[in-house]
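Participant: Top line first, the protein sequences correspond to chains U and X. Numbering follows our numbering, in which position 112 of the first sequence is assigned residue number 425; successive positions increment by one, without gaps. Numbering follows our numbering, in which position 222 of the second sequence is assigned residue number 766; successive positions increment by one, without gaps.
Be aware that one or more of the hints could be misleading.
Partial selection, computed: residues in chain X whose CB lies under 7 Å from chain U [said to hold, decoys possible]:
(1) Gly592
(2) Arg621
(3) Val626
(4) Phe628
Honestly, the hints are just simulated from the structure, not real lab data. For each residue, glycine too, the CB sits at the ideal point set by N, CA and C.
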Amino acid sequence: MNRFIDPVARLGRLVIGGVRHAGAMALFAIELAWVLIPSWARPRDIAQQVYAAGVLSLVIILVAGGFVGLVLGLQGYNILSNFNASESLGVMVALSLVRELGPVVAALLFAGRAGSAITAEIALMKTTEQLAALEMMAVDPLRRVIGPRFWGAMISVPLLAALFSLVGIIGGYLIGVVVLGVDQASYWGQIAEQMEAWDDVGGGAIKSVAFGAVIALIAVYEGYTAEPTASGMARATTQTVVLSSLAVLGLDFVMTAFMFGA
Amino acid sequence: MIELEDVRFARGSQVIFDGVDMRFPRGQVTAVLGPSGTGKTTLLRLIGGQVRPASGRVLVDDTEVSRARRKALYALRRRMGVLFQNGALFTDLTVGENVAFPLRAHSRLDEALIRRIVLFKLEAVGLRAARDKYPAELSGGMARRAALARAMALDPEIMLYDEPFAGQDPVSMGVLLRLIRRINDALGLTSIVVTHDVSEALSIADQVIVIAGGRVIGRGSPDEVLAQRHDEPALAQFLDGAAEGPLNASDAETPLAADLGLGMAR
Numbered sequence: 314m315n316r317f318i319d320p321v322a323r324l325g326r327l328v329i330g331g332v333r334h335a336g337a338m339a340l341f342a343i344e345l346a347w348v349l350i351p352s353w354a355r356p357r358d359i360a361q362q363v364y365a366a367g368v369l370s371l372v373i374i375l376v377a378g379g380f381v382g383l384v385l386g387l388q389g390y391n392i393l394s395n396f397n398a399s400e401s402l403g404v405m406v407a408l409s410l411v412r413e414l415g416p417v418v419a420a421l422l423f424a425g426r427a428g429s430a431i432t433a434e435i436a437l438m439k440t441t442e443q444l445a446a447l448e449m450m451a452v453d454p455l456r457r458v459i460g461p462r463f464w465g466a467m468i469s470v471p472l473l474a475a476l477f478s479l480v481g482i483i484g485g486y487l488i489g490v491v492v493l494g495v496d497q498a499s500y501w502g503q504i505a506e507q508m509e510a511w512d513d514v515g516g517g518a519i520k521s522v523a524f525g526a527v528i529a530l531i532a533v534y535e536g537y538t539a540e541p542t543a544s545g546m547a548r549a550t551t552q553t554v555v556l557s558s559l560a561v562l563g564l565d566f567v568m569t570a571f572m573f574g575a
Numbered sequence: 545m546i547e548l549e550d551v552r553f554a555r556g557s558q559v560i561f562d563g564v565d566m567r568f569p570r571g572q573v574t575a576v577l578g579p580s581g582t583g584k585t586t587l588l589r590l591i592g593g594q595v596r597p598a599s600g601r602v603l604v605d606d607t608e609v610s611r612a613r614r615k616a617l618y619a620l621r622r623r624m625g626v627l628f629q630n631g632a633l634f635t636d637l638t639v640g641e642n643v644a645f646p647l648r649a650h651s652r653l654d655e656a657l658i659r660r661i662v663l664f665k666l667e668a669v670g671l672r673a674a675r676d677k678y679p680a681e682l683s684g685g686m687a688r689r690a691a692l693a694r695a696m697a698l699d700p701e702i703m704l705y706d707e708p709f710a711g712q713d714p715v716s717m718g719v720l721l722r723l724i725r726r727i728n729d730a731l732g733l734t735s736i737v738v739t740h741d742v743s744e745a746l747s748i749a750d751q752v753i754v755i756a757g758g759r760v761i762g763r764g765s766p767d768e769v770l771a772q773r774h775d776e777p778a779l780a781q782f783l784d785g786a787a788e789g790p791l792n793a794s795d796a797e798t799p800l801a802a803d804l805g806l807g808m809a810r
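Could you put together the complete structure from these sequences and hints?
Facilitator: This is the structure:
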C-alpha cells in the first residue's frame with residue numbers, strides 16, 4: 314500500500330512546501346515594499362550596491378554579449394544567405410538581442426554572478442549576527458541592508474541588458490560586415506528602419522525591468538531567510554540561482570506571449 | 545530598572561523559561577549565570593524585544609517590551625547597548641566606522657564631532673590605534689572590545705553583555721572585567737552580564753541570578769548565592785563544576801538500548 318501512497322505523499326509535501334515558500338516570499342515582498350522608498354534616504358548606499366552588483370558584472374556581460382553577437386552574426390548570415398536576404402542580418406541580430414537574448418541572457422548571467430553574491434552576503438551578515446546587531450541598534454535591517462541591495466540589482470539588470478544587446482549588435486556587425494562582407498549601410502539601415510522604439514526596445518526594456526525585480530527579490534529573500542549555518546548558506550545561494558533562472562525563463566515566456574503573441 | 549514577571553518562553557516543545565521572575569536594578573551589574581543552553585541569550589533577546597514571551601511581562605523602566613510596537617521598541621533600543629557573543633562587528637567597515645555607525649544612524653552630529661567621540665570611545669577600550677583596521681585584522685579580544693566601544697557609542701543607559709568572556713585569554717578577560725565594572729559605575733548603567741564563567745561573574749557582579757532548567761535556582765549577592773548552594777543541589781553542582789549531579793541527567797527519553805535496537809525482548 315505504502316508503495317503507492319508514498320510517492321503521492323511526497324509529491325503533496327513538495328507542492329505544499331513550494332506553496333508555502335511562495336507565500337512566505339510574497340509576505341516578505343509586501344514588507345519590503347514598505348521600505349523601498351525610504352531606502353532612497355541614503356542614495357549613497359544604493360549607488361554602492363549598483364556598483365557591487367552592476368559595475369562589477371560588466372566584464373562578464375560585455376564578453377558574453379560580444380560572443381552571442383558573433384554567433385548570431387555567423388548563424389544568421391548562413392541562414393539568411395540561403396534566401397538571398399543577408400542584408401537583413403542587422404535587423405535579425407538586433408531584434409533577437411533586444412527582444413529576447415539581451416534581457417534573458419543578461420538576467421541569467423546576473424543571477425549567477427551578482428544574485429548569488431547578494432544572497433551570500435546577506436546570509437553571512439545574518440549568520441554573524443550583523444543583522445541582529447542592526448536591529449538592536451534600532452536600525453531596520455530591511456531598510457538599511459535589504460532595500461539598497463534590492464535597488465542595486467533592480468537598477469543594474471536593465472542597464473546590463475541594454476549593454477549586452479549593444480555589444481551583441483556590434484559583434485554581429487564585426488562578423489557580418491567586416492568578416493563576411495554584408496553591406497554596411499543595409500546592416501545599420503535595416504535596424505533603423507524596422508526596429509520599433511516602443512514595441513521592440515520598449516518591450517525588451519519592460520522585460521528586463523521585470524527580470525531585475527524578480528532576481529532582486531529572490532536574492533534578498535533567500536539571503537534574509539537563510540538558515541544561519543554553512544550548509545544553509547550554500548543552499549540559499551544555490552536556491553537564488555536556480556529559482557531566479559527558472560523565474561526569468563518562465564516569466565519571459567509569459568511576457569513574450571502577451572507582447573508579441575498573436 | 546528591568547523586570548521580568550512570570551515569563552514563559554518555549555521554542556517548539558522545549559520550554560526555555562517556565563514562569564521566571566527577575567529584577568535588574570539601575571546602577572548595578574547583574575550576572576546571569578547558567579549552563580550552556582539554558583536560555584541566557586534568549587533572556588537578552590527578550591529584554592531587547594527581539595523575541596516575545598508566550599506569557600508574562602518584560603518591563604524596561606515603564607515600557608512593556610513584550611507588547612511594545614516597533615516604534616516604541618526602537619526608541620527603547622536606542623537606550624540599550626548590546627555586546628554580542630562574537631562581537632557582530634560590521635565586517636565591511638573599519639573599527640572606527642563601526643563605532644561611528646550608531647552615531648551616524650541616530651544623530652545629526654557633524655563628522656568632526658563624530659570623529660572625536662569615536663576616538664574617545666576607542667581610547668576607553670584601548671583600541672585608538674586600531675581605528676583604521678578591519679574586524680578581520682583584529683584578535684578575538686580586540687574585536688570584543690571594539691564591539692564594546694560600538695555598543696557604548698550612544699551612551700546607553702542599559703548594557704547587555706552576551707558571554708563577554710567566552711574564548712578570551714586571561715589578560716583580555718581581566719581588561720573586559722574591569723571595563724564592564726568601570727563603565728557601569730562611571731555612567732550609572734543597568735548592566736546585565738550573561739555568562740557561564742562563574743568566578744569572573746562573581747568577581748564583578750552586585751547581584752547574581754543563576755538559571756537552569758527553565759527556572760531560577762539561585763539569586764542574591766555573590767555571597768548569598770554561594771550560601772544557597774547547600775539548599776539547591778543543581779546550584780552546588782554548577783558553582784563547583786561537578787561532573788555528576790542533577791544538571792547533566794541524560795536528556796534522552798528512551799533508554800540507549802532502544803535507540804540501538806537492542807534488548808526490549810519480550
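Participant: All hints are to be evaluated individually against the structure, with a verdict given for each.
Facilitator: Status of the hints after comparison with the structure:
A cut of 7 Å between beta carbons decides the hint on X/Gly592: the least distance to chain U is about 5 Å, and the hint holds. The criterion of a C-beta within 7 Å of any C-beta in chain U is met by X/Arg621, whose closest approach is roughly 4 Å, and the hint holds. Checking X/Val626 against chain U: minimum C-beta separation of about 4 Å stays under 7 Å; hint holds. This hint holds: X/Phe628 has a C-beta 5 Å from the nearest C-beta of chain U, less than the 7 Å allowed.
The earlier numbered hints are all upheld by this structure, with none contradicted.
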